[in-house]
Every structure is written in structure tokens, then in C-alpha cells.
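> Residue numbers (the working numbering), protein chains in the order written: chain A, 7 to 448; chain B, 7 to 448.
These are calculated hints, taken from the structure and not from any lab test. Computed from a predicted model, the values in this text were never measured in an experiment. Incorrect hints may have been included.
Stated by the list, open to error - To give a feel for the contact side, a few chain A residues facing chain B, derived at Cβ under 7 angstroms:
#1 ARG13
#2 ARG14
#3 VAL20
#4 ALA24
#5 GLU149
#6 VAL152
#7 GLY292
#8 PHE294
#9 LEU319
#10 HIS434
Claimed, not checked - No farther apart than 20 angstroms at their CA atoms in a straight line, the calculated lysine to aspartate or glutamate pairs in the EDC-like style are these:
#11 LYS150/B - ASP38/A
#12 LYS17/B - GLU18/A
#13 LYS400/B - GLU31/A
#14 LYS17/B - GLU149/A
#15 LYS400/A - GLU55/B
#16 LYS400/B - ASP38/A
#17 LYS329/A - ASP57/A
#18 LYS399/B - GLU11/A
#19 LYS399/B - GLU60/A
#20 LYS400/A - GLU31/B
#21 LYS400/B - GLU18/A
#22 LYS400/B - GLU28/A
#23 LYS400/A - ASP38/B
#24 LYS17/A - GLU31/B
#25 LYS17/A - ASP25/B
#26 LYS173/A - GLU149/B
#27 LYS17/A - ASP21/B
#28 LYS17/B - GLU60/A
#29 LYS399/B - GLU149/A
#30 LYS173/B - GLU149/A
#31 LYS17/B - ASP38/A
What the hints assert, rightly or not - From chain B, some residues computed to sit far from chain A (all C-beta separations above 10 angstroms):
#32 THR143
#33 GLN144
#34 GLY171
#35 ASP278
Every residue gets a Cβ at the ideal spot worked out from N, C-alpha and C, and that includes glycine.
Number of protein chains: 2
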Amino acid sequence: MNSGEFRRRGKEMVDFVADYLEGIEGRQVYPDVEPGYLRPLIPASAPEEPDTFEDILNDVEKIIMPGAASPACTELETVMMDWLGKMLKLPEAFLAGQVGEGGGVIQGSASEATLMALLAARTKVVRRLQAASPGLTQGAIMEKLVAYSSDQAHSSVERAGLIGGVKLKAIPSDGKFAMRASALQEVLERDKAEGLIPFFVVATLGTTSCCSFDNLLEVGPICNKEDMWLHIDAAYAGSSFICPEFRHLLNGVEFADSFNFNPHKWLLVNFDCSAMWVKKRTDLIGAFKLDPVYLKHSHMDSGLITDYRHWQLPLGRRFRSLKMWFVFRMYGVKGLQAYIRKHVRLAHEFERLVRQDPRFEICAEVTLGLVCFRLKGSNKLNEDLLERINSAKKIHLVPCHLRDKFVLRFAICSRTVELTHVQWSWEHISQLTTDLLRAERD
Amino acid sequence: MNSGEFRRRGKEMVDFVADYLEGIEGRQVYPDVEPGYLRPLIPASAPEEPDTFEDILNDVEKIIMPGAASPACTELETVMMDWLGKMLKLPEAFLAGQVGEGGGVIQGSASEATLMALLAARTKVVRRLQAASPGLTQGAIMEKLVAYSSDQAHSSVERAGLIGGVKLKAIPSDGKFAMRASALQEVLERDKAEGLIPFFVVATLGTTSCCSFDNLLEVGPICNKEDMWLHIDAAYAGSSFICPEFRHLLNGVEFADSFNFNPHKWLLVNFDCSAMWVKKRTDLIGAFKLDPVYLKHSHMDSGLITDYRHWQLPLGRRFRSLKMWFVFRMYGVKGLQAYIRKHVRLAHEFERLVRQDPRFEICAEVTLGLVCFRLKGSNKLNEDLLERINSAKKIHLVPCHLRDKFVLRFAICSRTVELTHVQWSWEHISQLTTDLLRAERD
Numbered sequence: 007m008n009s010g011e012f013r014r015r016g017k018e019m020v021d022f023v024a025d026y027l028e029g030i031e032g033r034q035v036y037p038d039v040e041p042g043y044l045r046p047l048i049p050a051s052a053p054e055e056p057d058t059f060e061d062i063l064n065d066v067e068k069i070i071m072p073g074a075a076s077p078a079c080t081e082l083e084t085v086m087m088d089w090l091g092k093m094l095k096l097p098e099a100f101l102a103g104q105v106g107e108g109g110g111v112i113q114g115s116a117s118e119a120t121l122m123a124l125l126a127a128r129t130k131v132v133r134r135l136q137a138a139s140p141g142l143t144q145g146a147i148m149e150k151l152v153a154y155s156s157d158q159a160h161s162s163v164e165r166a167g168l169i170g171g172v173k174l175k176a177i178p179s180d181g182k183f184a185m186r187a188s189a190l191q192e193v194l195e196r197d198k199a200e201g202l203i204p205f206f207v208v209a210t211l212g213t214t215s216c217c218s219f220d221n222l223l224e225v226g227p228i229c230n231k232e233d234m235w236l237h238i239d240a241a242y243a244g245s246s247f248i249c250p251e252f253r254h255l256l257n258g259v260e261f262a263d264s265f266n267f268n269p270h271k272w273l274l275v276n277f278d279c280s281a282m283w284v285k286k287r288t289d290l291i292g293a294f295k296l297d298p299v300y301l302k303h304s305h306m307d308s309g310l311i312t313d314y315r316h317w318q319l320p321l322g323r324r325f326r327s328l329k330m331w332f333v334f335r336m337y338g339v340k341g342l343q344a345y346i347r348k349h350v351r352l353a354h355e356f357e358r359l360v361r362q363d364p365r366f367e368i369c370a371e372v373t374l375g376l377v378c379f380r381l382k383g384s385n386k387l388n389e390d391l392l393e394r395i396n397s398a399k400k401i402h403l404v405p406c407h408l409r410d411k412f413v414l415r416f417a418i419c420s421r422t423v424e425l426t427h428v429q430w431s432w433e434h435i436s437q438l439t440t441d442l443l444r445a446e447r448d
Numbered sequence: 007m008n009s010g011e012f013r014r015r016g017k018e019m020v021d022f023v024a025d026y027l028e029g030i031e032g033r034q035v036y037p038d039v040e041p042g043y044l045r046p047l048i049p050a051s052a053p054e055e056p057d058t059f060e061d062i063l064n065d066v067e068k069i070i071m072p073g074a075a076s077p078a079c080t081e082l083e084t085v086m087m088d089w090l091g092k093m094l095k096l097p098e099a100f101l102a103g104q105v106g107e108g109g110g111v112i113q114g115s116a117s118e119a120t121l122m123a124l125l126a127a128r129t130k131v132v133r134r135l136q137a138a139s140p141g142l143t144q145g146a147i148m149e150k151l152v153a154y155s156s157d158q159a160h161s162s163v164e165r166a167g168l169i170g171g172v173k174l175k176a177i178p179s180d181g182k183f184a185m186r187a188s189a190l191q192e193v194l195e196r197d198k199a200e201g202l203i204p205f206f207v208v209a210t211l212g213t214t215s216c217c218s219f220d221n222l223l224e225v226g227p228i229c230n231k232e233d234m235w236l237h238i239d240a241a242y243a244g245s246s247f248i249c250p251e252f253r254h255l256l257n258g259v260e261f262a263d264s265f266n267f268n269p270h271k272w273l274l275v276n277f278d279c280s281a282m283w284v285k286k287r288t289d290l291i292g293a294f295k296l297d298p299v300y301l302k303h304s305h306m307d308s309g310l311i312t313d314y315r316h317w318q319l320p321l322g323r324r325f326r327s328l329k330m331w332f333v334f335r336m337y338g339v340k341g342l343q344a345y346i347r348k349h350v351r352l353a354h355e356f357e358r359l360v361r362q363d364p365r366f367e368i369c370a371e372v373t374l375g376l377v378c379f380r381l382k383g384s385n386k387l388n389e390d391l392l393e394r395i396n397s398a399k400k401i402h403l404v405p406c407h408l409r410d411k412f413v414l415r416f417a418i419c420s421r422t423v424e425l426t427h428v429q430w431s432w433e434h435i436s437q438l439t440t441d442l443l444r445a446e447r448d
């Protein structure tokens with residue numbers, strides 16, 4: 007949507023809201039619809055080509071308004087998460103469908119998704135061990151629980167461990183910054199020999215530092231064999247899996263219990279919108295309530311009737327699935343794929359420019375929209391370069407450490423980025439580098 | 007703002023956004039401002055009388071835009087939380103000021119605020135006990151930790167206990183559904199005698215069921231004496247404390263370590279916006295990180311420089327303080343007080359109507375905007391009445407149980423509610439009651 011159309015549509019929306027408020031006394035306070043009313047009213051998957059804005063707005067009046075905030079808010083979310091899951095070609099087990107045991111939920115952030123997964127896994131293992139040895143207290147079990155992630159995992163994983171009151175161990179990643187079977191297995195055996203109870207693994211697809219990918223096809227089977235919950239954090243990279251050429255990066259998701267990525271990062275949905283799927287919704291729900299009254303209720307919880315307050319930390323919820331519905335329809339799957347591909351292409355263009363300059367080196371494989379690079383030379387030199395780049399305030403780079411190297415990160419992330427921006431950025435960096443090296447010599 | 011002005015201002019805002027996006031390449035990617043730039047630019051407290059919309063929008067361009075999303079997002083939040091704290095006449099210790107040890111943060115929900123407080127309290131007590139007995143493991147301590155709330159507390163308190171992996175005990179409330187010293191003290195002594203470690207108390211001001219108030223002036227000193235963290239959950243009632251005539255309900259807040267209420271519930275700020283204050287920010291921050299590098303950073307954390315990601319569960323943040331800034335200025339403190347008072351007046355009007363009808367009884371003291379009432383007679387009769395009311399879909403009531411009684415709740419909560427709505431609702435309920443009683447007789 008260009009600026010002119012945004013002005014027109016935005017003003018129509020203002021009138022839509024005002025009209026609604028002016029006429030609100032004529033509306034019923036409670037909807038007439040029955041549970042499951044919404045799914046038959048909309049397609050089973052996202053459109054390939056864009057829909058018109060008129061069509062979408064008409065559907066709001068026709069499909070959402072009769073279902074008011076509730077149950078429309080819940081039902082649209084379930085269906086949108088199915089749409090998105092299908093776009094990623096997630097295994098069927100993660101979808102809600104009509105009566106599925108799995109399903110998706112919108113969380114506020116990947117941090118919350120990881121925490122929810124860890125809490126669900128914790129409850130599950132405590133319950134399992136207590137069933138086997140009724141004398142065991144929760145405290146005695148928790149003291150021995152241990153979770154794992156790669157040493158490249160996001161800090162929110164460590165935080166989830168602190169909140170959940172369990173140990174979290176970092177598995178040394180390999181030369182490509184990936185968690186591999188051998189390293190995990192080694193720590194696992196040692197921990198088991200010491201009487202610890204491994205219960206939870208977070209695999210990262212697209213790490214924050216350098217967009218590396220843990221080896222799911224190796225790690226997944228170990229998790230299944232050892233009865234550990236496998237959670238996949240693909241916060242950034244997940245959006246790319248809607249493109250067939252990147253989908254292989256998600257191979258092994260079939261071994262996971264839960265999967266999460268942030269459409270607010272790279273799928274044009276405004277912040278916040280973090281998409282999480284689980285294979286067994288009862289595991290997630292069970293993390294918070296164990297009493298019989300509750301279980302009776304959760305028994306009803308299926309693709310048809312979902313009570314999302316048990317799927318998340320807060321009680322209240324915003325109507326975030328509307329954002330997904332609008333974006334998926336206004337772009338169509340093809341439009342979203344084109345957006346991802348453009349970013350990846352531009353990242354490779356930047357990579358090409360860096361590689362042509364013998365002063366620089368590329369520090370990690372460029373797979374998606376992130377390029378890790380540095381000046382050949384000391385960390386100090388690269389810190390100085392970053393200082394010059396960020397002080398100029400024309401572009402902004404966030405650095406990282408890869409092993410003992412200080413590394414610059416060029417991330418393609420603006421909705422409106424074009425080739426000229428990338429080219430200009432490189433010339434700018436190149437010039438600042440020349441200035442820096444000259445100053446160093448003088 | 008009436009509907010006509012909303013249409014005009016809303017469309018101006020659409021143009022504001024479009025202009026911003028069209029001109030974005032001319033803006034710097036990183037702001038020039040220094041930490042603490044914002045506070046001197048805006049008044050130290052909220053205006054008593056409304057500001058004009060023009061003034062507010064001009065300030066956005068003048069004060070927010072130069073600070074971009076960061077640090078403006080953080081700094082406006084700190085100052086808005088100070089404004090709101092002053093509106094409530096919170097003790098100085100809860101405010102950030104220039105160099106304060108306390109301060110406020112916007113959470114997404116009261117559930118998250120309670121959980122954050124519980125986690126902070128848990129970390130604090132674990133650290134204290136480990137300092138005294140270095141051999142003690144976290145697991146051994148956690149197994150003995152026990153938290154308390156009234157039996158009227160919200161279910162999110164129980165949930166926080168489950169997530170935090172600690173026991174939570176419900177203290178029997180008194181005849182007015184309030185937690186009192188004697189009941190708390192009794193459970194406390196018994197638990198200590200059994201070797202448990204009391205560490206956390208949630209006092210509720212304005213319970214969900216009947217808007218009762220725990221006795222802070224009794225409970226607070228016990229918490230301080232026993233070194234238990236006192237968290238106050240005033241999710242609904244908190245907004246009313248901006249009125250001098252209701253401020254006494256908050257007396258005793260000086261004993262608390264943390265305090266929370268939801269401006270999104272009753273202070274005209276759109277969902278979500280849950281306001282939480284702590285006396286010692288280091289307690290909250292310390293809940294997540296214990297290593298030296300981190301502590302070095304947190305040392306800088308004061309009223310001047312705040313890193314809110316350590317104050318909350320998610321990592322990312324929305325710019326929610328803008329909502330507060332707009333609302334506080336567009337209504338002025340007097341406008342917000344008038345809004346609260348109108349709702350309370352209407353609740354008392356409904357109470358008066360109920361009391362005039364000998365078929366009904368009032369079930370709990372009406373203090374703010376909630377009226378708990380029921381037909382004299384069986385629970386079954388009241389369940390039937392509720393069924394008739396909600397099936398008619400003219401108004402919607404959510405019931406509760408008070409002890410063994412099924413009770414109807416009439417809540418004043420719409421922004422546009424008028425006396426006529428309340429009168430009409432009562433006539434409607436009265437008529438449905440007549441129909442019901444006639445049907446029962448036949």
C-alpha cells in the first residue's frame with residue numbers, strides 16, 4: 007500500500023471506528039453465534055494473490071462483527087495460526103483444525119514462548135516422575151532438572167531457566183555456530199551420570215548473533231529418545247520458511263513439541279506478534295492447573311473451542327490476529343515470499359560487495375538477511391570502525407562477538423529498503439574504513 | 007472528544023503517519039539526545055485541566071521525535087509513571103525522580119506484575135538465606151517457600167505461585183471479604199512452626215468478586231516485621247485513588263515493596279497498560295540476572311537511566327506511555343476524577359434501586375463501581391435470573407460466588423454510560439424478575 011492509498015484507507019478506517027461508536031447502542035451486547043462459527047466463513051488457507059482492501063473490510067463487517075470481540079478474537083486467532091502454519095508447511099500435528107490436539111497461539115514475544123514451553127515441560131516431567139515415585143516432592147525434582155540450548159542461543163533462554171527455577175546448560179556450538187548431536191550427547195551423558203534429569207532442549211534456527219542453525223535432524227531424535235521436550239526458537243528466521251527454497255531449514259520440526267517465530271520481525275505484521283505452536287495443547291494448558299475441575303474443562307479444549315488464557319502468561323488478550331488477517335490478505339502468500347526474497351537478495355548483494363574488498367572478511371555463512379563481517383585485523387580496529395559508522399548516524403549497526411572476534415552485523419530489515427540503500431551503505435562504510443585506516447597510519 | 011472531533015483528529019493523525027513515512031529518509035537513524043533529555047522538557051506532574059490536542063501533537067514533534075523510539079520510549083514511560091504515581095499520592099520511595107531507587111514500569115497485565123513481584127521476592131529470599139548458609143541449594147529453599155493471599159484474590163496469584171514453583175496459601179477473609187492480621191498471623195505461625203519459609207504476600211485492593219479491600223494497615227506491618235515481600239494488587243480499584251475521597255483505601259501502601267493497578271481498566275487508557283511500581287528497582291532487576299557483568303550494569307540503573315527489559319518478562323516493548331501521555335493531558339486530572347466519580351455515583355444509584363425492591367438484597371458493601379446483589383432465595387433462582395438477563399442480550403452480567411451464595415454483579419464500566427442506561431437496566435432486570443417469579447409460581 008503506497009502513501010496515497012494509506013491516507014485514503016486510513017481515513018476510511020477512522021470513519022469506520024466513529025460510525026461504530028455512534029451506532030453502538032443499536033448493537034447487541036452479546037453475540038448470537040455458536041462456537042466454531044468462524045472457521046466455515048473463511049478459506050482454509052491464506053490467499054496466494056492479494057485480496058482487495060474492500061473485500062477485507064467487508065469481511066470485517068460480515069464475519070468479525072457478528073462474533074464481536076469474543077469469540078471472534080479467539081476463533082480468528084486459531085484459524086490464522088493454521089493459515090500461517092500451512093504457509094510454513096508445519097506438520098499437521100501442530101495445526102488446530104476442527105478437532106486437533108495441537109494448535110497455535112499468539113504470544114507477545116519469543117521470550118514468553120520459550121518460558122511457556124519450559125514451564126509446560128517442567129510440569130510434564132514433574133508429573134511423570136511423581137507418578138512413578140509418589141513420594142518425590144516437586145522441589146526435589148526441580149533441583150535435578152536441567153535444560154539445554156546452544157551457546158549461541160538468545161539470552162531469553164537463560165532467563166526462562168532462571169524464572170522456571172531450573173538449571174540451563176549451554177552446549178558448545180560447532181565451527182558453523184550450530185548445536186550438533188555429539189556435543190549435546192556428551193553433556194547429556196555426563197549429567198545423567200551425575201543424577202541430573204535432562205528435560206528440555208531449545209534449538210535455535212537463525213541465531214541472533216550470526217543467523218546460524220542448530221542441527222535439528224541430529225538434535226531432534228535425541229530429544230525424542232531421551233523424552234526431553236524440544237522447543238524450536240526461530241524468532242527471526244521463521245518468516246523465511248514460507249519460501250520453498252528456505253523450507254529445508256525447518257526440516258526436523260517433526261521432532262519438536264513446540265515451535266515459535268516472530269511474524270513481527272520479518273513478516274510485515276506490526277509488533278507485537280509472536281507465533282507459537284504446540285503438538286499437544288494439553289501439555290501447555292496443564293502447566294498452570296492440575297485440579298480436577300480444570301481438567302474437566304480442558305477436556306473440551308480442541309480445535310473447536312479454545313481458551314487461550316491457559317496458553318499464555320497474561321489473562322487479558324488483544325485482538326492481534328486481525329493484524330495477521332489483514333497482512334496475509336493484502337500481500338498474499340506470493341507478496342510475502344517476494345518480500346523475504348528481496349531482503350535475502352539484498353543481503354547477498356552486500357556480502358558480494360564485502361567480499362570484493364580485500365580489507366574485509368565475511369564471518370559466518372549468509373543464509374538470510376544478515377551479513378556478519380569485519381575488517382581483517384584486531385577487535386580494537388573493528389570497534390573503532392563501528393564507532394565511526396554509528397557516530398555518523400547515517401546507518402546503524404549492532405555488533406556481536408563470534409568466539410573471540412568482534413564482528414559487525416549488517417541487517418536488512420526495513421520494509422522500504424532498496425538496492426540503492428545497500429549500495430550507498432557499503433560506499434559509506436568503505437569510505438569510513440579508508441578514513442579510519444588513514445588515521446591509524448598517521 | 008466527541009465523534010466529530012475524533013473524525014477530524016483521527017484523519018490528521020493518518021496524515022501525520024503518512025507524512026512521517028514519506029519523509030523518513032530525511033531523518034537521522036539515531037538520535038542526538040543524551041540520557042535524561044526528556045524529563046526537563048515536560049512538566050513534573052499531570053495537568054489539572056485538559057490540554058488542547060494541538061499542544062499535545064506539537065509536543066510529539068518537539069519532544070518525542072528528537073528522541074526517536076529510543077530513548078524516548080523509556081524516558082516518557084518513567085516520567086508518565088511518576089505523573090501517575092503522584093496522581094495517586096504514592097509515597098516518594100516509589101517514584102523514579104532523577105536518581106530514585108524506585109520507579110514505575112508498564113506491564114501488560116496484573117498477572118505479569120504479580121509474577122514479576124513473586125520472582126523478585128523469591129530471588130531476594132534465596133539470596134539472603136544462601137548468604138547466611140552457603141551450603142543451601144536453591145531447590146532446598148524453594149521447597150520451603152510459601153506465599154500468601156486472601157481467599158478472594160484473583161486466580162492470577164495462584165498462577166504466579168505455580169509458575170514460580172512455590173506454595174501459595176489462601177488466607178480466609180473476614181465477614182467483609184477482607185484479609186485481616188489475625189487470620190494471616192495464625193497461618194504464618196503454623197507454617198513457621200512446620201519449618202516453612204514465608205516470603206511473599208499479595209494484598210488485594212478491590213477484589214474481582216465483590217471489590218473488597220484487604221486490611222493493609224494490619225497486614226503491612228506483619229510483612230515488614232517478618233521480612234516478607236508485600237505486593238499490592240489493585241488492578242481495578244487503583245484508578246479511583248486519584249480522587250482524594252478514595253485515597254484512604256490505599257493507606258498502608260507505605261508498607262509495600264510493589265504496587266500495581268491497571269489504567270486500562272478504569273482510567274481511559276486503552277488495553278494493555280498495567281502500571282507497576284517498586285520501591286527498590288534493584289530487587290526487580292536482580293530477579294533475572296546475578297552475574298557480575300550484569301550487576302555492574304544495574305548499578306547504573308536509576309531514575310536517569312533505566313533498562314526496562316530487566317523489569318519485565320518480554321524483551322521487546324511497545325511505546326505504551328504515549329497512550330498515558332495523551333489521556334492524562336486530554337482529560338486533565340480533574341477530568342479523570344470526574345469520570346471515576348460519575349461511575350461510582352451511578353453504582354450507588356443502582357444500589358439504591360436494588361435496596362428499594364424488597365425481593366432483592368445487596369451482598370457486599372458498594373465502594374466503587376461494582377454492585378453485588380441477588381434475589382432473596384435459592385442459588386438456583388438467581389442462576390435462572392442470570393440466565394434470563396444474559397439471554398435477553400440487552401445487558402450482560404458476570405456472576406460470582408460469595409461464600410456459598412451465587413451473586414449477580416452489576417459493573418459500571420463503559421466510557422459512555424449515563425444515568426438513563428442504569429435506570430433502564432434496573433427496569434429490565436426488575437421486569438425479568440417479575441416474569442421469572444410468575445413462571446416459578448405457575
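> Hint numbers the structure violates, sorted upward?
2, 6, 7, 10, 11, 14, 15, 18, 19, 21, 24, 29, 31, 32, 33, 34, 35
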